[in-house]
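Q: Residue numbers (my numbering), protein chains in the order written: chain A, 2 to 358; chain B, 2 to 358; chain C, 2 to 358; chain D, 2 to 358.
For the record, the hints were derived by calculation from the structure and aren't laboratory data. Note that the Cβ used here is the ideal one computed from N, Cα and C, for glycine as well. Any given hint might turn out to be false.
Each pair of labels, with its calculated beta carbon distance range [said to hold, decoys possible]:
no.: 1; chain 1: B; residue 1: Arg-280; chain 2: A; residue 2: Asp-281; range: 57 to 65 Å
no.: 2; chain 1: D; residue 1: Asp-118; chain 2: A; residue 2: Thr-292; range: 45 to 53 Å
no.: 3; chain 1: A; residue 1: Leu-70; chain 2: C; residue 2: Gly-219; range: 38 to 46 Å
no.: 4; chain 1: D; residue 1: Thr-56; chain 2: A; residue 2: Ser-44; range: 41 to 49 Å
no.: 5; chain 1: D; residue 1: Asp-118; chain 2: C; residue 2: Pro-264; range: 21 to 29 Å
Taking lysine-lysine and the DSSO-like style, the derived pairs with C-alpha atoms no more than 30 Å apart in a straight line are [claimed, not checked]:
no.: 6; chain 1: D; residue 1: Lys-8; chain 2: D; residue 2: Lys-25
no.: 7; chain 1: B; residue 1: Lys-25; chain 2: C; residue 2: Lys-28
no.: 8; chain 1: C; residue 1: Lys-25; chain 2: B; residue 2: Lys-28
There are 4 protein chains.
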Amino acid sequence: MTRETSKKVAVIGATGYGGLQILKLLKEHPNYDIAFLGGERSSGKRWNDICPFLTLDQNPTVQKPEVNLIAANSDYAILCLPNGLASRLVPELVSRDVRVVDLSADYRYRSLEQWKDVYVRISDQNPRDDSDLCSEAIYGLPEWNFSKIQSAQLVAAPGCFPTASLLPLLPFLKQGLIETDGIVIDAKTGTSGGGRVPQEHLLFSEASETISPYAVIGHRHTSEIEQLASEVAGHDLQIQFTPNLVPMVRGILSTVYARLRDPGLTAEDCTTVLDAFYRDHETVDVLSVGTYPSTKWVRNTNKSLLSVQVDTRTGRIVLMSVIDNLLKGQAGQAIQCLNIMNNLPQTLGLPLLGFYP
Amino acid sequence: MTRETSKKVAVIGATGYGGLQILKLLKEHPNYDIAFLGGERSSGKRWNDICPFLTLDQNPTVQKPEVNLIAANSDYAILCLPNGLASRLVPELVSRDVRVVDLSADYRYRSLEQWKDVYVRISDQNPRDDSDLCSEAIYGLPEWNFSKIQSAQLVAAPGCFPTASLLPLLPFLKQGLIETDGIVIDAKTGTSGGGRVPQEHLLFSEASETISPYAVIGHRHTSEIEQLASEVAGHDLQIQFTPNLVPMVRGILSTVYARLRDPGLTAEDCTTVLDAFYRDHETVDVLSVGTYPSTKWVRNTNKSLLSVQVDTRTGRIVLMSVIDNLLKGQAGQAIQCLNIMNNLPQTLGLPLLGFYP
Amino acid sequence: MTRETSKKVAVIGATGYGGLQILKLLKEHPNYDIAFLGGERSSGKRWNDICPFLTLDQNPTVQKPEVNLIAANSDYAILCLPNGLASRLVPELVSRDVRVVDLSADYRYRSLEQWKDVYVRISDQNPRDDSDLCSEAIYGLPEWNFSKIQSAQLVAAPGCFPTASLLPLLPFLKQGLIETDGIVIDAKTGTSGGGRVPQEHLLFSEASETISPYAVIGHRHTSEIEQLASEVAGHDLQIQFTPNLVPMVRGILSTVYARLRDPGLTAEDCTTVLDAFYRDHETVDVLSVGTYPSTKWVRNTNKSLLSVQVDTRTGRIVLMSVIDNLLKGQAGQAIQCLNIMNNLPQTLGLPLLGFYP
Amino acid sequence: MTRETSKKVAVIGATGYGGLQILKLLKEHPNYDIAFLGGERSSGKRWNDICPFLTLDQNPTVQKPEVNLIAANSDYAILCLPNGLASRLVPELVSRDVRVVDLSADYRYRSLEQWKDVYVRISDQNPRDDSDLCSEAIYGLPEWNFSKIQSAQLVAAPGCFPTASLLPLLPFLKQGLIETDGIVIDAKTGTSGGGRVPQEHLLFSEASETISPYAVIGHRHTSEIEQLASEVAGHDLQIQFTPNLVPMVRGILSTVYARLRDPGLTAEDCTTVLDAFYRDHETVDVLSVGTYPSTKWVRNTNKSLLSVQVDTRTGRIVLMSVIDNLLKGQAGQAIQCLNIMNNLPQTLGLPLLGFYP
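Given only the sequences and the hints, what does the whole structure look like? Please build it.
A: Laid out in structure tokens, this is it:
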């Protein structure tokens with residue numbers, strides 16, 4: 002393990018849930034210093050007044066996220082901004098050699114055109130023409146893109162649903178073990194995925210004691226899942242994806258249904274397939290057959306737990322995957338990428354075990 | 002509306018969640034009297050001491066569920082017992098002309114053999130040979146079995162998952178609009194479906210702030226769904242069914258995925274199909290396209306809300322259905338059946354609108 | 002019971018939680034018609050589009066709350082508006098003989114000056130000089146103000162905390178059984194008390210899995226409690242009042258601590274005191290000694306449950322009271338008042354028993 | 002910081018919530034090895050089969066908690082057993098020079114007689130005569146008993162309510178700033194305080210969406226609070242203590258009401274008093290006046306957050322204190338004591354900052 006002197010990291014957009022995770026992880030990380038704290042609405046305020054439950058040493062002042070200031074103070078920038086806003090900062094940051102990890106969707110597609118199709122309204126409000134950056138950006142799923150992340154100038158941290166869904170699915174696509182037609186993903190997320198900006202449907206009074214599907218056709222993460230799934234499968238494929246809002250704060254359960262090519266495969270066989278892929282990854286554990294994961298088991302960790310079941314009656318495989326949507330599904334994975342960019346152990350400073358219950 | 006004098010109803014097993022719903026509904030119902038309160042463990046106790054939050058007039062004493070006593074006092078019996086125990090009482094009750102609504106699974110299968118296969122362990126503990134009653138019992142899904150319920154001596158109230166899943170699915174099977182191969186049902190239930198007997202995984206500390214799948218292959222409701230679905234489709238079919246435990250007390254969301262036979266059908270077309278089937282049923286409402294149901298919208302009601310979406314990219318239909326698992330999914334539906342058996346308006350005494358939020 | 006023909010009722014501000022309760026209650030009430038649906042932001046919209054889970058017959062259009070329109074269509078008006086806004090409508094409504102039940106705090110104080118002191122900011126934004134109306138308005142706590150409510154032109158529905166706190170406290174003040182100095186009230190409320198307008202601290206992600214005190218000194222309901230408590234005690238008294246936000250949607254538990262004047266009084270004696278006061282009130286039940294109330298027991302009802310305990314070591318009495326903050330604590334009590342104003346049975350159309358759990 | 006070689010620690014009773022916290026803390030602690038895993042019901046099983054979400058290296062087998070085995074393998078023992086059972090093991094462990102931290106109430110009272118009075122039923126089931134051990138045991142509240150803990154052979158980890166209540170209260174008793182008569186404590190706890198053994202009232206279906214008081218007079222923690230409070234105050238005092246069960250898993254909020262001796266003291270003055278006492282304690286933070294603590298702010302940490310408010314109208318002080326009941330209120334505090342016994346930094350291996358929300 003190469004311990005270097007601390008790296009200076011700028012955090013832009015710290016008051017949202019993604020930003021709060023980043024700050025907590027950086028504060029306790031042995032290799033990074035929070036060198037710049039940027040925000041629009043809270044600029045000029047002292048951090049500890051905004052956030053009495055996550056105080057920072059020296060109580061820094063939040064500053065406007067101006068590129069000059071960021072570049073002068075930081076080697077790295079982690080952007081925790083709403084979709085569209087990152088693309089206003091990233092080109093200039095990159096041009097000044099700041100290495101960027103972006104939590105938004107702005108650089109998750111290789112093609113800017115596709116991004117514009119998927120994020121139409123946001124694209125209208127945030128005109129951009131950085132096609133080259135889109136194609137150069139690395140999709141930050143470390144278990145599948147490790148070496149590219151190492152040398153990346155710009156990493157797009159994956160969406161929470163894609164992370165949860167791709168980890169169990171990709172090995173079977175890679176091995177050609179499942180039909181690529183007819184894949185169904187039914188995903189369940191906690192409310193923190195909806196962010197910290199107050200919205201009626203995210204109120205406790207509304208979201209408690211209920212479950213509801215949303216964006217049933219055309220959720221934006223569908224295309225993000227399809228992009229990497231198609232690449233790994235070797236041809237274009239389409240997925241049926243439905244998210245559901247669950248009355249819990251943190252966590253995603255993604256359930257993937259597909260048809261096995263070889264109906265003779267057992268759940269044990271399929272578990273072995275996953276084991277083989279993730280044996281060397283501390284961030285992914287595969288449960289034994291018949292043990293099904295609970296999001297609580299990974300809450301406050303950067304881990305994914307996978308489980309496979311096979312229905313020999315129907316010839317179908319059921320893949321289950323749980324993550325903490327704000328850590329492995331967002332900020333934790335971003336720090337995992339940052340560690341890789343710095344040749345540090347991937348999981349340095351990242352929790353792999355939470356308190357239960 | 003034929004108002005008759007009140008009917009005498011025995012309730013056996015009143016302290017569980019099903020029983021509590023039954024008592025509340027009967028207490029406020031204009032046509033029924035609670036004539037007998039039966040229970041094993043609480044026999045000899047006064048009801049209002051057991052249950053200070055649902056007091057009954059005259060504060061009845063809970064009695065041992067002896068058939069003679071029940072038959073002497075009651076025209077009807079509603080059994081709210083664990084699986085297996087109902088079959089110990091039903092044959093004798095029926096033979097004494099007590100009309101029975103059973104909330105357990107004991108008479109949901111036309112074939113006793115199938116019940117024995119599905120409920121192996123319970124079958125071992127409760128030996129029975131009432132094949133004839135199994136085949137005579139009526140599956141109490143009123144929207145599909147109305148006239149048979151009217152004259153039934155024995156009604157088996159459907160399971161909660163089957164109710165939620167069959168209501169949206171059956172019209173499409175009946176019309177032959179979907180492929181019967183490859184149907185996937187991903188269902189989500191509140192904790193009250195697990196009953197009131199203390200179990201570790203149902204503790205607040207365990208079940209809160211998490212979602213987890215269970216019984217991923219071979220949940221017992223799978224075969225119950227398949228039984229009626231096959232009958233309506235006109236041939237045997239198999240379903241992929243996965244239940245998930247959600248941190249809420251009441252409610253089921255069932256999401257059904259299937260492939261359309263005619264890829265040209267739109268979500269509006271499919272909504273019309275449902276509308277046509279359920280237009281005259283107060284207990285089922287169909288939402289307009291793009292409005293997705295929340296279990297909270299039907300909590301504390303005997304209503305099912307349905308919604309359909311179609312993905313023209315994949316040629317798939319997504320059916321969503323929500324119910325209150327303890328009412329439309331259990332006790333409310335039982336009273337709905339009782340009303341039908343008495344030629345009363347189906348929804349008399351049943352709430353169709355709850356308080357929000 | 003005098004059943005008259007239906008009365009026409011205007012509801013102003015229907016999309017908030019108070020308004021939703023009112024609509025559900027009126028829709029199912031045998032004696033009232035919703036004659037006018039008023040709202041600023043949603044004016045011009047059809048109700049059923051706004052609210053697919055609480056549809057109204059004839060799908061009325063929401064209208065601007067203009068006094069002429071309201072008065073032309075309605076005998077009664079129920080105002081479900083934020084504090085300050087009601088006082089803009091009430092004087093004119095009253096002058097046109099519309100009888101008004103107001104859910105806000107605008108007419109809860111006999112003295113306009115005190116209201117201005119307590120609601121400073123709101124007073125600044127809503128200048129008013131209707132002192133006379135303030136002193137004429139009746140505080141709508143039916144168990145204590147029944148006859149005045151009967152003939153009232155304007156009823157101010159009590160706040161949720163005052164309702165929960167005064168019901169157990171007043172009998173002891175009336176009887177002079179407790180010291181009036183040193184009364185402590187520690188109250189716990191669900192999130193729906195904070196309303197439906199999105200605010201960060203009311204998000205599920207923030208309010209779930211936590212409890213926190215707020216407005217520890219100077220919560221506005223303190224003075225409202227003190228007003229009636231002083232009146233009943235016969236002299237001015239001051240109360241220590243602390244509210245806490247609890248991760249539940251509905252419900253208030255108010256715990257009142259006081260010192261007994263006569264240390265020889267037992268919990269049974271004190272229970273008898275409460276029993277004597279509320280024996281004839283269907284809306285208040287007194288639990289036997291040692292049975293403590295749970296807010297779930299009264300959820301979705303217009304009932305208050307009270308319990309008393311006495312600590313002979315310390316000479317103190319502990320009074321516990323639970324209500325549903327949106328029903329007995331707000332909209333249900335408003336309908337109770339409306340019933341009284343119409344010489345109808347107080348609890349007509351009001352639920353006194355909910356579904357459990 | 003003195004880093005010694007790892008100490009061998011036995012954990013007895015690991016499957017309850019206290020035990021699970023201990024295992025997670027020990028597993029990640031730099032100075033301790035889990036040398037023995039003891040349990041009655043799970044003895045003979047491999048740990049990782051019991052607990053797939055908290056796996057241990059080498060997958061140890063749970064063993065019967067026999068003193069010889071424990072003493073042969075361990076320098077320290079942490080007992081996470083139900084009340085009464087610890088006293089069966091402790092005398093022998095101590096006699097073999099195993100230093101013990103006990104999470105139960107068995108050694109929290111200096112007087113065995115008092116313990117027998119408070120824990121009558123448990124005392125009947127677990128006869129004991131280790132008065133000497135009771136009087137020698139150290140009450141493990143490190144902020145008040147640091148030096149005694151250092152050299153203790155037997156530490157009784159304080160109860161969760163006493164920890165939360167004593168931390169804000171003791172400084173004011175010590176300084177003589179409040180009346181010792183008339184102190185009221187209204188405490189609110191999450192469900193995990195009730196343990197992992199299934200009980201009806203702790204089911205999600207029962208405990209969700211409700212708050213209820215329990216053990217209103219005579220909760221066993223009352224006397225535990227009074228013991229240390231009296232000692233610090235210098236004379237016997239009695240406290241009015243009411244616990245409430247809140248629908249959250251972890252966390253306690255304790256609200257303490259008392260009368261100030263000097264009515265001229267301000268909230269700022271009182272905050273200064275707390276600051277002065279806890280300035281050097283990393284485990285206790287004092288919030289600025291007007292900032293009230295939320296249990297979420299300390300969830301999954303070993304920290305207590307305190308806040309003070311003063312009501313000049315009533316001359317009363319309101320003290321608010323939040324902790325995580327399973328960490329600072331139980332297992333975390335036990336490890337804090339263990340660190341002190343080993344001359345390690347108090348908070349080594351203990352989280353002081355959690356993830357939010």
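Q: Determine for every hint whether it applies to the structure shown.
A: Results of checking the hints against the structure:
{"no.": "1", "hint": "B:Arg-280 with A:Asp-281: 57 to 65 Å", "verdict": "holds, 59 Å"}
{"no.": "2", "hint": "D:Asp-118 with A:Thr-292: 45 to 53 Å", "verdict": "holds, 46 Å"}
{"no.": "3", "hint": "A:Leu-70 with C:Gly-219: 38 to 46 Å", "verdict": "holds, 42 Å"}
{"no.": "4", "hint": "D:Thr-56 with A:Ser-44: 41 to 49 Å", "verdict": "holds, 45 Å"}
{"no.": "5", "hint": "D:Asp-118 with C:Pro-264: 21 to 29 Å", "verdict": "holds, 22 Å"}
{"no.": "6", "hint": "D:Lys-8 with D:Lys-25", "verdict": "holds, 16 Å"}
{"no.": "7", "hint": "B:Lys-25 with C:Lys-28", "verdict": "holds, 22 Å"}
{"no.": "8", "hint": "C:Lys-25 with B:Lys-28", "verdict": "holds, 22 Å"}
Of the numbered hints listed earlier, not one is contradicted by the structure.
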